[in-house]
Structure formats: structure tokens, C-alpha cells
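S.K.: If you read the sequences in order, they're chains A and B. What the first sequence shows, in our numbering, is residues 6 to 218, in sequence order. What the second sequence shows, in our numbering, is residues 2 to 249, in sequence order.
Certain hints may be false.
Stated by the list, open to error - Facing chain B, from chain A, some residues (calculated, C-beta under 7 Å): (1) H63; (2) S106; (3) L139; (4) S142.
What the hints assert, rightly or not - The calculated lysine-lysine pairs, modelled on DSBU-like cross-linking and capped at a C-alpha distance of 30 Å, are: (5) K99(A) <-> K146(B); (6) K80(B) <-> K49(B); (7) K82(A) <-> K179(B); (8) K179(B) <-> K99(A); (9) K82(A) <-> K170(A).
No lab work stands behind these hints, which were simulated from the structure alone. Built from N, CA and C at the ideal position, the CB exists for glycine as well.
The lines below spell out each chain.
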Amino acid sequence: MPGASHAGIVASLHGRTGKTLLARALVDYFILSGGRPYIFDTDAIERRLHALFPSAAHVVDLTIVRDQMALFDTLAKPLSEMRVVDVAYYSFTKFFELMRSTDFILEAQSHDIIPVIFFIPDRNADSFEAGVVLRDSFPDCRFIVVENAFFKKPNRHVKQRLAYKVMRAHNRRYIMPKLADSVVEALEDRNLSISDFMQQPISSGGDAPAVRS
Amino acid sequence: MKPVVILVGADKGGVGKTTLARTLLDYLAARNTPARAFDSEFPRGALKRFHPKMTEIIDLETAADQIKVIDTLSTSDVKVSVIDVRAGLLSDTLKTFTEVGFFDLVNAGEFNFILFHVIGPSIASLEEIGEIRPYAAGREYLLVKNFINETSFFEWNPQLHKRYFKLAMDAVEVTIPKLNEMAFEQAELAGVPFSAFVANRDADGQTANNSLVLRGYVRSWMNQATSEYDRIGLIDRLSDRGVTTQAA
Chain A
6 MPGASHAGIV ASLHGRTGKT LLARALVDYF ILSGGRPYIF DTDAIERRLH ALFPSAAHVV
66 DLTIVRDQMA LFDTLAKPLS EMRVVDVAYY SFTKFFELMR STDFILEAQS HDIIPVIFFI
126 PDRNADSFEA GVVLRDSFPD CRFIVVENAF FKKPNRHVKQ RLAYKVMRAH NRRYIMPKLA
186 DSVVEALEDR NLSISDFMQQ PISSGGDAPA VRS
Chain B
2 MKPVVILVGA DKGGVGKTTL ARTLLDYLAA RNTPARAFDS EFPRGALKRF HPKMTEIIDL
62 ETAADQIKVI DTLSTSDVKV SVIDVRAGLL SDTLKTFTEV GFFDLVNAGE FNFILFHVIG
122 PSIASLEEIG EIRPYAAGRE YLLVKNFINE TSFFEWNPQL HKRYFKLAMD AVEVTIPKLN
182 EMAFEQAELA GVPFSAFVAN RDADGQTANN SLVLRGYVRS WMNQATSEYD RIGLIDRLSD
242 RGVTTQAA
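I would like the entire structure built from these sequences, with the hints used as guidance.
M.R.: So, in C-alpha cells, the structure goes:
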């Protein structure tokens, strides 16, 4: 759909699944594509995505109605910019409850916005179950199962579960490749901007890497 | 279908009568039941602000306005009349209706009558039950617990609760849940029916600029109210009194 804007919603049932890394990669991808995406960090405690994009990211506390409005009203606004939301694991239920009660998918689609859920299961059985419930709760929403290669494969017991098989069989998938330790370390530097780095990589002349001032 | 009068009232103010009347008008519209409304918040009109086209402001203390309501019941094409009774006037209105012989006509089967008695959390409000109950004898008496203001109905004190609510043992309890304050305020400011607020329409039917989140709150809340009206079989009660008079 030409001219359509996307709302990337990155979520997982538990913490430490690579949500913020994926959200960050999406934001940087949109910046590199020449955009100025709206960025929402729903982790009002750790604010890790906000720390990476301090001037652009909005921190929202989903227990506050005003913040709920700031988030969903902006996500559904008829604007051409992309939108990225990092859904904190403890905001998971609240976020999707709001998404359902606001009829967000319909509203967004009526404004030419395509919502996309990026769901990252971990090795636990309940994360696959949550993924199935989430996908089936929003049949009109694009749903992408993200495989984080950093995780070891789930154990046999989990693999026998129906939910695991359903998530495995889901056709829209994205593999987050395992990163080399040195890259992980570089990315942990909050001052490193991936998009700046991609636009102005360290030259052979030994110039300083692109670091946000 | 016989003409039916739905009286929404309380002797105490601020218990959410008008809010309840608004949910009723939206519900009836959603169930394809045409209704007209009378607002006795004379001369201001609280209900009329939200449903201007179908609402007439009346002063129930004048004979002229009593005629306007009761004499038109059998001639009006619209069979359902919802009357939002001004705060403090419920017992007076019921007295007046008795004096003009309205209840004789109800007993004779000419009209149906449903009373939504909205009670608040105060003892005074609960004491009203005893006063109002006799008027509703043998009729549709629906006792509304309105949680819109985060009300507690002394359920934490079972003895007190029992003392008052046993006066209305055969009444049907209707529970209206709480609506988020900010959503309620916005819907109030918008001055349109709840259904129009949810559909993001202004008073002229144009697209409004209501918050998606607040519309979501109102939508969920309206859904709860709707299932409550479905649960008590309101539509059946409108058309066939006597079949469903036992408490839910």
C-alpha cells in the first residue's frame, strides 16, 4: 500500500528477550530510510529505549490514562511517519487490553496505518501460548514471530506443546541473528547510534566512530 | 406494543440519573426501539443537551406538562417514553401520577410502566427505597446501583445492606459499572450521546476529535451496561409486563 505508514509493536511475555534491541533496530532502520519515527518506550522504570533515543523517544506509563492517550492517540494519528513501540513485559496485558478496547486496529487501518506485532517468544512454554492468544486476539493485525537466535532451543517438553508448533508454523517470521560478542558490547554503548554509524562508519583512516554528542 | 413509560429518578441528586437515562436511550436505539424522552430538569435540561432531537423539557408540576406526557402516550407513534425526573422529585412525581389516575390505567393494562430507581451510597438514598417501593407495587421496579461515581453500597456492612435492600426484595437490581473519570468528563463536554462519542461524531454528525483511548473506555463501559440491560431482559419488559417480573 503506497504511502501507508507502519506501527511496529514489539512485545514479549517475559523480560530480557531482545525487545529493546529489535525496537532499536526498527527505529534505526526507519531513520536510515529517511524518516523520523515516533518512538514509544512503555518501560517507565528502565527506559532503555528512551536512553538510546533521548530526544525522540516518549516514555509512557500505561497505568496513567493521559499516557495511554499519548500513546494510542498518536499511534492512530493520520501521519505519514512510522511508529515504534517497545512494550515492556509488565505492560503486556495492559497494552493489548487497550489495543482491543480502543478498536485500535480498525482505527489505524482507516487512517492507512498498518499495525504490525513483532512477538518474541523465549524458551518458556507460556511465551508460545501467549503468542497464540495474542495472534488470535487480533486476526486483522499483521503478526510476526521473531526468533531470537540468541536463545537456545526450547526443551523437548516445550516442543511437544501445541502452542509451540503453532508459533513454529506461523508463516510470517523474522530471525534475529546471533550477534558476535564484540558487536553486543559495542551496541551496549548507549551513545552509539546504529543509524549514524551506518551512514558514517569508521573509516580506514581511523576517524572517531559516529558518536552522538 | 403497548405504550410504556420508563421513569428514571431518585430523591437525591448526583446519583447519576441522567447518565443512566442516557445509557437507556442509547440502548433502546441500538435495539431498534424508538423512544422519546422528557427531561424534567426544568428549565435547564440535563438530558436534552445530549439527546436534543428526541428530548422535551417539561415541568412535571404543571398540569399542562403532565398532559403533554400522559395524554400523548396512546396517540404517539413512538411507544416508549423515558422520563428523567429531576432530583428530589421522584416521590412527588409518583404521587402526581397516582392522582391523575395514571397507575389505574397501568393496572387496567393500557400502559406499561417501568421505574428505574437510582440509589446513591448514602443512608438517605437507601431510605428512599422504603418510600418509593409502595408506588411500584406489582410493577416493574428496577433498583439501580450506579457505580459511576465509584460508589460503595454498604456491602462491607452486610447487616445494614440487608436492612435496606430487604425492603426491595422483589426488585431487580441493575448495576451500572464505573466509567473512567477522564472518559466521563470528555463525553460530558462533547455533549453528544455516548454512542456518538464512541463513533467519534460531533452534534452535527461530523467527525469529531475525541481521544481513541477515551472512546475505548466509553465503548467498553457501554458494552457492560448493554449486557446488564440484556441480562434483565429490558426489551421483553417493555412489551410484556408480568412475564418477567420476578427478580433476576
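S.K.: Each hint should be assessed against the structure and marked as holding or not.
M.R.: Hints versus structure:
no., hint, verdict
1, H63, "violated, 15 Å"
2, S106, "holds, 4 Å"
3, L139, "violated, 18 Å"
4, S142, "violated, 15 Å"
5, K99(A) <-> K146(B), "holds, 28 Å"
6, K80(B) <-> K49(B), "holds, 19 Å"
7, K82(A) <-> K179(B), "holds, 28 Å"
8, K179(B) <-> K99(A), "holds, 18 Å"
9, K82(A) <-> K170(A), "violated, 36 Å"
Violated hints for the displayed structure, listed by number in ascending order: 1, 3, 4 and 9.
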